Amino acid sequence: MTPEAIAAEVKASGLRGRGGAGFPTAAKWSFLPQGVFPRYLCVNADESEPGCFKDRYLMEEFPHQFLEGVLISAYALQVSHAFIYIRGEYRAQRQLLERAVAETYQAGYAGRGIMGREWDCELIVHGGAGAYICGEETALLDSLEGLRGQPRLKPPFPAVKGLYGQPTIVNNVETLSNLPYIVSEGGAKYAAIGTPGSPGSRLFCVSGHVERPGNYEVALGKTTIGELLGMAGGVWRGRSLKALQPGGGSMQILGPEHLDLPLDFKAVTDAGSALGAGALVVMDETTCLVDVSMRLVDFYQHESCGKCVPCREGTYFESELMHRLEAGLASEAELATLADICASMDGHCFCVLGDTATWFVMSAYKMFPEEFRRHCGAGRCPIRADQDRAA
Amino acid sequence: MSEAPSASGSDTWVLNAVTRERIRRSRALYPWPRSAVLPALWAVQDQLGFLPPEGLVEVAAELGLQPAEVEAVSTFYSMYFQQQPGRHLIQVCRNVSCGLRGADQLLADLENLLQVSDGQTTEDGVFTLEGTVECLGACGGAPMMQVDRLSYEDLDLEGARQVLAQIRAASSSAPGANPDA
Chain G
354 MTPEAIAAEV KASGLRGRGG AGFPTAAKWS FLPQGVFPRY LCVNADESEP GCFKDRYLME
414 EFPHQFLEGV LISAYALQVS HAFIYIRGEY RAQRQLLERA VAETYQAGYA GRGIMGREWD
474 CELIVHGGAG AYICGEETAL LDSLEGLRGQ PRLKPPFPAV KGLYGQPTIV NNVETLSNLP
534 YIVSEGGAKY AAIGTPGSPG SRLFCVSGHV ERPGNYEVAL GKTTIGELLG MAGGVWRGRS
594 LKALQPGGGS MQILGPEHLD LPLDFKAVTD AGSALGAGAL VVMDETTCLV DVSMRLVDFY
654 QHESCGKCVP CREGTYFESE LMHRLEAGLA SEAELATLAD ICASMDGHCF CVLGDTATWF
714 VMSAYKMFPE EFRRHCGAGR CPIRADQDRA A
Chain F
2 MSEAPSASGS DTWVLNAVTR ERIRRSRALY PWPRSAVLPA LWAVQDQLGF LPPEGLVEVA
62 AELGLQPAEV EAVSTFYSMY FQQQPGRHLI QVCRNVSCGL RGADQLLADL ENLLQVSDGQ
122 TTEDGVFTLE GTVECLGACG GAPMMQVDRL SYEDLDLEGA RQVLAQIRAA SSSAPGANPD
182 A
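Chain order of the listed sequences is G and F.
Everything in the first sequence is counted per this note's numbering, starting at 354 for the first residue and increasing by one.
Everything in the second sequence is counted per this note's numbering, starting at 2 for the first residue and increasing by one.
Keep in mind the hints are simulated off the structure, nothing from the lab.
One thing to keep in mind: the hints can contain errors.
[Stated by the list, open to error] Simulated restraints, written as ranges between beta carbons of each label pair:
(1) F:112 <-> G:673: 51 to 59 Å
(2) G:609 <-> F:82: 21 to 29 Å
(3) F:105 <-> G:355: 21 to 29 Å
(4) F:67 <-> G:431: 33 to 41 Å
(5) F:105 <-> G:673: 13 to 21 Å
(6) G:549 <-> F:113: 54 to 62 Å
(7) F:83 <-> G:391: 56 to 64 Å
(8) G:417 <-> F:105: 35 to 43 Å
(9) G:580 <-> F:166: 40 to 48 Å
All values derive from a computational prediction rather than experimental measurement.
By construction, the Cβ of each residue, glycine as well, lies at the ideal position given by its N, Cα and C atoms.
Please put together the full structure from these sequences, using the hints given.
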C-alpha cells in the first residue's frame, strides 16, 4: 500500500482521536504541509486523565498491535522518527515497550530500509517524569525537546510547526492501536462497527462505584451509558446511581436521567458533557459531590504548569474555597465567589487545563445546588454527618 | 551511592561510567541533543536516587547546556527528587476513582503502618510515602498504591500490610539508590 492509500482507508474509517478531543484522525493528518521534511510522529502515551487506564492496558496487553499502528501511521505520514512519549509513572510499561521496540528493530520493521523500501524510521520511547500537562500536545513537544513541559501558543499547530519546528502529528495510543484493523480489514468495515457520527469501537474505562471496574470495548454510538454500566456489573452494593462522568476527570457531570444516552460524541456533548478520554466514573447515592469536586480541583491545582495567571491563581483559590466548603466553613458569599472564579477561568486560560479545572465543579453545582449550599456554614460535611447519624 | 559526590566537579565525576554512557547514548538518539535532558536526569536518579546539584552540572556538561537550564527542567517534573528519598517510593492515588473506593482510608492506614505522614520517609530510610500524586492509571483496581514500578490494587489494610512486609523483607538494608525502582 502507498502512504496515500493508507490515509484514504483512515479517512474512510472515520476514526476520531481517542485522546480526548475526538478530532478526526485523517483530517489531522491532512494538515501536514506537502513536501516539507523531516516530519515527525509523536505518540501521546502520557495517559493521566483521572479515571483513565486504557492506554496502559493496550501497552501492557497488546504492545505489538500498538507498535504496528505506530509504524503504519509513521509510514503513511513518511516521518523519519516516531517518538512514544510515555508518562514517568508507567515505568514498568515503558520497559515493556522498550523490549517490544527492540523486537521491532530485530524484525526489520524499524530502522533503515524498512522492509526493503527506501524508508527509514527510528522508533524512540521517551519517558516523562510526572506532569499531567505534558498530555497537552504542545506541552508534550516542549517536554520532548528537553524543556519544562508548558503549552505553546496555537497557531501554528503542530502539524505545521511542531517538534524541532518541523511538521508533527501527535496521536494517542488507542487511536493508533486501531490502525492495524483499519488497514487490513478496510476503513469502511471499521466504521460500520459504530455509527456515522461515532464510527468504530472504543475502549471505555469504567471505575468508581461499580461491581466490576475495568476496560470495556463497545461499538460507538450503538451502546448506551446504561448498557456500559451494566457490563461493569451496575452500581455496587445494590445502591442507586447519583451521578457519573462520561469522559474522565475533566468532563461535566451527568445524572441517572442520562443512562439512555448512546456513547456517541454528539449525543453526550448535546447533554452538556463529553466522551473525553473515554472514562466512565460512577458515583453512588452516598457520594458527596463537594468532596469529589474538591479532589478534582486539588488535582488541577497541583498540575497547573504556572504559565498563565487565570489557571495558576484560579486553581489555587478554587482549591482553597473547595476545602473550606467541604469542611463546612465557607459562607454562601464564598460559594458565589467560587462560581465567579470559575467563570473568570473558563475560556480564559492559555490551554484547556485551566478551563477543565472548572467544568466538573460548576456542572455539579448546577445539578446539585442544594448539596453545595448545605455545606455553607454547616461546620462539617453534611452528607457525612447524615451518614454518621444513620449508622 | 557507589561514588562520593564531588564538590568541584573538575576531575572526580559524581556520575559513574554506566550513567555517563546512558547519557551519551541518549544524546546520540535524538535529532536535537537537548531532547536527552529527561532521559539523562532519569539516568542520574537511577544511579544516585535523587538529583544532586553536582549531577545536574555534569548532565549540563554532557549535553552542552548551562547548569541552570538543566536545573529548571529538573524542578518542573514531580518525579525528579531534589533530596534523597527512601529506598522504595510508595505512591497512593487519591484521585476521583480511588477516592470513591476508599483511598483516604488506605493512606491513613499506611501512615499508621509506617508511622510517617504524607510526604515523609520512614526512619530506617526504606519507604517514602506520597499521597499527593497524579491519577496512577489503575482506577480499575482502586484503591491502589504504586511501589516503585509496580501497582498493588484492590487494597485493604491487610493487603497493604502484606505488601509492605514483602518489600521490606526483600529490600537490602543499604541506603541510597534502588536500582530496581
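Do the hints match the structure? See the list:
no., hint, verdict
1, F:112 <-> G:673: 51 to 59 Å, "24 Å, violated"
2, G:609 <-> F:82: 21 to 29 Å, "45 Å, violated"
3, F:105 <-> G:355: 21 to 29 Å, "56 Å, violated"
4, F:67 <-> G:431: 33 to 41 Å, "36 Å, holds"
5, F:105 <-> G:673: 13 to 21 Å, "19 Å, holds"
6, G:549 <-> F:113: 54 to 62 Å, "55 Å, holds"
7, F:83 <-> G:391: 56 to 64 Å, "36 Å, violated"
8, G:417 <-> F:105: 35 to 43 Å, "39 Å, holds"
9, G:580 <-> F:166: 40 to 48 Å, "42 Å, holds"
The structure shown violates the earlier hints numbered 1, 2, 3 and 7.
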